[in-house]
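Each chain, written out:
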Amino acid sequence: MQLTYGEYGGRFVPETLIPALDELEAGWREARDDPRYHEELEELGRSYAGRPTPLTPAERFAPGKRLYLKREDLLHTGAHKLNNALGQVLLAVRLGKRRIVAETGAGQHGVAAATVCARFGLDCVVYMGSEDMRRQRPNLERMALLGAEVRAVEFGTRTLKEATSEAIRDWITNVEDTHYLIGSCVGPAPYPEIVGALQAVIGREARAQMLEAEGRLPEVALACVGGGSNAIGLFSGFADDLDVRLVGVEAGGAASLGSGRPAVLHGSRSSVLADEDGQVLDAESISAGLDYPGVGPEHAFLRDSGRAQYVGTSDEEALAAFRRLARTEGILPALEPAHALARVAELDEELVLVCLSGRGDKDLAGVVDR
Amino acid sequence: MSGQRQAAGPIPSPHPPGEIDGSGEMRAEVSRGRDESGAVRPAALAVYLMCGPETPVLAEAAVGGGADLVELGFPFSDPLADGPVIRRAAERALSQGMRTAACLECLAETRARLPHTPLVPMTYASLLEAHGWERFADDAQAAGATSLIVADLPAGELPELRRVQLVAPTSTDERIRLAAETTDGWLYLVTLTGTTGARDALSPALAGLVERARATTDLPLYAGFGISTPEHARAAAALADGIVVGSRAVEVAEDGAVDLAALRPGDLVRAKVLSSEGVDLVAVPLEMLSASPSSAVTRPSPHDALRSPVASR
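For the protein sequence lines, the chains are E and L, in the order given. No gaps in the numbering here: position 231 of the first sequence is 408 in the numbering used here, and each next residue is one more. No gaps in the numbering here: position 1 of the second sequence is 3 in the numbering used here, and each next residue is one more.
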């Protein structure tokens with residue numbers, strides 16, 4: 178069980194949660210080693226979620242490159258978030274929890290949580306910042322239709338950071354019957370490991386699909402990084418392929434890895450946008466899913482070790498990539514992976530893999546307005 | 003049953019015999035334990051105040067009104083253990099520039115006014131991470147801190163950092179033992195599963211937690227979270243050796259310059275618990291503060307100072 182990543186990770190939470198984290202860790206260990214858990218998850222992936230997702234060549238988007246897109250946007254609910262939500266809900270059922278609490282930024286994780294709760298008959302409460310509710314209205318309506326209760330978070334930044342804090346406070350209060358379905362590879366141990374392991378399916382499939390399509394591995398693999406779960410899932414498929422360069426792309430105004438410092442946020446130590454006193458700063462991004470001042474501890478470790486590099490994309494560059502993918506490939510990406518797409522043209526490498534982590538329907542209003 | 007229980011570690015016993023403040027007459031009849039000299043001893047009262055420009059004055063008033071220990075909140079931007087009142091107070095304090103250095107100054111000023119009262123900064127790990135864990139502890143001690151509470155640093159993490167450990171109703175017996183073995187003088191009992199802030203009633207979980215903690219340790223047990231009325235205080239004091247009033251104290255302290263001047267800050271802690279045979283409580287309901295005479299505050303009235311421009315927010 179991986180509780181820390183070098184100097185990052187750990188469990189910085191109030192005492193009330195420690196027994197719940199111990200219980201979760203034990204439950205995860207058991208599930209992880211139980212073939213039936215994996216069979217059930219794979220069957221749900223096939224028959225419910227739409228796995229494996231395709232690998233799509235995108236030659237018109239990037240002339241002169243051989244670009245492949247790992248199409249997590251085609252997964253049920255429209256983003257990679259469902260991989261994690263399905264795995265965690267099976268775990269919650271094993272632990273006897275009847276209530277799920279989750280946070281959401283762009284709404285994709287909230288929709289995934291609401292979806293699996295509907296499928297398994299669990300109560301679902303989703304915390305969402307009021308600013309995000311405004312800019313991701315379609316997902317708000319989807320969550321309501323799926324039977325989840327969406328609670329507006331009306332203080333602080335009114336975005337993902339505050340929604341996460343409120344979800345954790347709810348968990349502290351209702352810990353005995355509630356599972357906290359965290360949406361990214363952040364939070365106290367063992368969450369980063371659980372989420373990373375559940376998203377690893379992205380990298381496993383993509384690696385095999387690249388070998389089938391090209392007979393070789395990509396030279397570089399890119400993914401957007403907010404909390405970093407689609408990136409960690411993609412990267413894990415190539416962790417031992419040292420010739421494959423791994424690049425995470427952050428929003429320029431939310432570059433926790435690019436311009437953060439070690440701090441403690443939401444239960445773990447990582448690279449965080451924080452001031453010199455450890456106070457967490459506000460992130461600023463057009464993309465609600467990347468608008469988060471923290472990042473998963475494993476990314477901080479990968480950055481320090483040099484195994485992965487992290488770069489930034491501005492709002493304008495992401496919007497341009499969004500429009501370009503629509504016009505050249507007939508695919509509307511979410512604004513989050515549009516950040517990764519924006520970096521493709523300038524790469525030295527020719528054979529490129531990008532995780533297209535979600536679809537862009539939720540972002541239409543915001544993009545059309547600009 | 004608590005006759006032999008003593009505060010260990012560097013924290014002075016909150017009730018040295020004979021040292022009685024302005025509310026001393028109310029303490030005479032008490033309570034839940036007897037000290038070495040056979041004198042009865044009330045449950046101790048800890049009051050939490052968020053660091054701010056007026057906090058040293060408020061802290062002095064709190065002690066004048068009967069507080070035995072003051073917790074000083076060093077605000078953090080993302081306080082997971084806190085409910086709305088303390089969260090808002092933290093936001094306000096941060097907007098007033100109460101960063102670590104200013105909080106340490108606030109602590110030092112409070113210490114200058116209160117040479118004998120245990121003062122315990124309460125904060126979150128991120129501040130220590132940024133300042134340097136050891137350096138934070140050293141600087142806090144140099145500024146007059148008696149100990150330290152880090153709300154998101156559970157027992158077992160960073161054992162070399164001396165601090166008051168917290169236990170909760172969800173804590174296993176094993177964790178209560180670990181917390182008791184490593185805590186600094188007393189054990190902080192979180193009365194409920196939840197965040198700080200007022201509740202309708204005292205958590206029914208406290209009794210069981212006290213019982214389990216008593217089976218493990220002889221250290222003093224202070225109960226906090228959700229204690230916001232004299233009734234809660236009385237009920238908690240019948241079980242624990244001390245109580246912590248946090249959100250309610252912050253709320254009274256923050257009602258603005260006008261309210262602050264109208265009420266007597268010292269009275270905010272008149273919920274001081276004095277239980278006789280574990281049942282009687284002598285306390286002024288917090289709601290009646292502005293109507294109560296100035297019985298508690300005998301030194302130069304702190305609320306005069308609160309009329310100064312500094313306090314006029």
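One should not assume that every hint holds.
Computed, partial: chain L to chain E, Cβ under 10 Å [said to hold, decoys possible]:
1) Gln98
2) Glu107
3) Glu136
4) Arg137
5) Val152
6) Ala153
7) Leu155
8) Pro171
9) Ser173
10) Arg179
11) Ala240
If you want the footprint, here are the derived chain L segments under chain E, 3+ residues with CB under 8 Å [claimed, not checked]:
12) 51-65
13) 68-75
14) 221-229
I should point out that these hints are in silico values taken from the structure, not numbers from a laboratory. Values in this document were obtained by computation on a predicted structure and should not be read as measured data. Ideal Cβ positions, reconstructed from N, Cα and C, are used throughout, including at glycine.
| field | Hints not upheld, ascending by number | value | Of the numbered hints, 1, 2, 3, 4, 10, 11, 12, 13 and 14 do not hold.
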